[in-house]
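Guided by the hints, dock chain B onto chain A, whose structure is given.
The listed protein sequences derive, respectively, from chains A and B.
Read the first sequence against the numbering used here and you will find it ends at 583, with the numbers running on by one and no gaps.
Read the second sequence against the numbering used here and you will find it ends at 583, with the numbers running on by one and no gaps.
Keep in mind that the hints were calculated from the coordinates and are not lab data.
Among the clues, some could well be false.
Stated by the list, open to error - Simulated coverage check for chain B against chain A, where a stretch passes if three residues somewhere in it have a Cβ under 8 Å from a Cβ of chain A:
# : segment
1 : 235-247
2 : 272-281
3 : 520-527
Unchecked claim - The calculated lysine-lysine pairs, modelled on DSSO-like cross-linking and capped at a C-alpha distance of 27 Å, are:
#  : chain 1 : residue 1 : chain 2 : residue 2
4  : B       : 377       : A       : 501
5  : B       : 377       : B       : 277
6  : B       : 508       : A       : 277
7  : A       : 533       : A       : 572
8  : B       : 380       : B       : 434
9  : A       : 508       : B       : 277
10 : A       : 277       : B       : 501
Note that CB positions come from ideal geometry on N, CA and C, so glycine has one too.
There are 2 protein chains.
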Amino acid sequence: MLTIDHNDTLTAARTGTLALPHGTIEVPAFMPVGTNGTVKAISHAAVDNMGYRLILGNTYHLYLRPGKEVFETYGGLHAFSSWPHNILTDSGGFQVFSLAPFRKIRDEGVRFRSHIDGSYHHLTPESVVEFQRTLGSDIMMCLDECTPPEISYKKAIEACRRTTAWAKRSKVRWDIEREAGFEGKLFGIIQGNFFKDLRKISSEEIIELDFPGIAIGGLSVGEPKETFEEYLAYTSQFLPSEKPRYLMGIGTPDYIFAAVENGIDLFDCVFATRTARNGTVFTKDGMINLKKAGHALDKGPIEEGCTCQACTRYSRGYMRHLFKAGELFGPMLATEHNLQFLYDLMVEIRHSIREDRFSSFKKNFLDRYVKKGN
Amino acid sequence: MLTIDHNDTLTAARTGTLALPHGTIEVPAFMPVGTNGTVKAISHAAVDNMGYRLILGNTYHLYLRPGKEVFETYGGLHAFSSWPHNILTDSGGFQVFSLAPFRKIRDEGVRFRSHIDGSYHHLTPESVVEFQRTLGSDIMMCLDECTPPEISYKKAIEACRRTTAWAKRSKVRWDIEREAGFEGKLFGIIQGNFFKDLRKISSEEIIELDFPGIAIGGLSVGEPKETFEEYLAYTSQFLPSEKPRYLMGIGTPDYIFAAVENGIDLFDCVFATRTARNGTVFTKDGMINLKKAGHALDKGPIEEGCTCQACTRYSRGYMRHLFKAGELFGPMLATEHNLQFLYDLMVEIRHSIREDRFSSFKKNFLDRYVKKGN
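Extracted from the complex, chain A is given alone in its bound form (with noise of 0.2 Å):
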């Protein structure tokens, strides 16, 4: 499934290709995330044209609405949102800790209240490997139990003990899958808070498991970032070498190189997309707010050289204008620039860490980006 063309001679950085069951895509990378199946504010068409090959769709809310009764109908999401290439999707399970007004955590499963409309449901790590299927996902997630920073070493244990619990009986049901003809792979995922013993016993425990891909959940969740980099360093070296590993719900440039240095080769996160929405842009000097009044006559594009439809046909205040008026094209073009950033941004590490430079390109993107931000 992963085959590793390259290891970073100063780092655990690597390149390489995963084979799934819509096409191959080069490592690492980038997901950009399409919740409700859409990339919000930007055509799969766009999406696809500027190279992207997987995108992540989210269990929680798709079970809701559309429901599974149209993922029968439609034969699964590739058909319904009329994706060609991959998707993962996730469990779920983060959502209806984060999104759910009520939530009943028991070792049988997960009972909530759906924030659309208040009704209640039950999802067993069973019933979402099944439902995952009808999706038709070329990468499913264990439901696993998420938690936040802080919470006392007691609940962290039970709740790593869960999550090792349910990615075995989620195994179980995958399996039976598989032998049914179902080609979409199983991701087991690490949790353990912010508890290095712990941790470890989740690595152990879901690596024993065999999946075909490990993800480290529970990162990037609130905590101070010298927390998520020693966390997420301290996970990863436990990690298989031979296996896609998936780092869950980060996408800004720093995050991203600590991700691509710690071996990771997969990460989604909806920042890039939401951020555009609300008129901020990545460039290479930092994040730019387009809102702000000094861009008013600015001529420029939004980054000189990014080939986007925002940066070769459209001006800073031109953007300015559609977020200041509140036009829609505005959000359009911000998401595809963001996007673009960091599909490009992708290209250059892998590139970087073919040429054996990862580190120094690292240090050199992160001081401009970071130095010059807003």
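Frame of chain A; chain B shown alone:
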């Protein structure tokens, strides 16, 4: 400026080409509305690719935001909004009357408060021509006084008289701009409310001023459809056949057919794009609301045979899901469809005129459109 290549044998419908500073367009033509220098929820590139060569901008909005300094800096609306083809701008009069929270009309001009920030502004026929010259409009409109149905005869006379006086002053100001090398055309606007003698007087007075083109204003402002058709036919008879004729503010199939039948060459309306953003789209069987539950499992496109992205790539069920989930891609796709629908309708209308079968095409189209519509 206008070359008529065919006159329908049964009606006043005609086809031809209109030569404007940014290229030649085929008429009769529908103009998408790009209020703030963008057609809402769609890129100029997509509007261009469909074949549109003339779009409308709103002077009132652009004057208030981003304002004159921006257009002076960027060298006009074409450069600012990256639209290489023609732009018609209205005079702002209609918006002052419909949007501004306060207005005071005097012979000198109109004083009003901005609906955006409450600031006070003053527009005169001269300043409106000057601002449209700054925009670089290919077709600019005279400041006029548009009145709603059921006002008194006395008020209608007054608005009619003022519209003519303002048209004269607009023409004087435009002549100065032309002598300075400005190539945009100025169109006069006929008013007269729903009084035939005033419509006749206004027509005679505006036509007398020998503008390059004539617009009919003050129709489709809330009156019954029969009244609209009666006053359209009554006013159209006075228009010189050799000049382009523009009917302001209409853009549904039934009103488009009525306009074309009366020899109208140009029309614009926000309806197609506004209603798209609410999930309502044109089909040959009438308009449909994509939010309806009945579409949830519908695998068919909005309109079989339509070449737009929505119809070639997505199902009604997916479109419904996007609107139910509040995803921006719903308005984006629906906007594209509605503009494609009207573009295709205009192509078919022009063909039918050239082949002397406009009346039968109209009957067949509207029979299906009106009977099956919901």
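(Q) Hint compliance check: list the failing hint numbers for this structure, sorted ascending. (A) 4, 7 and 8
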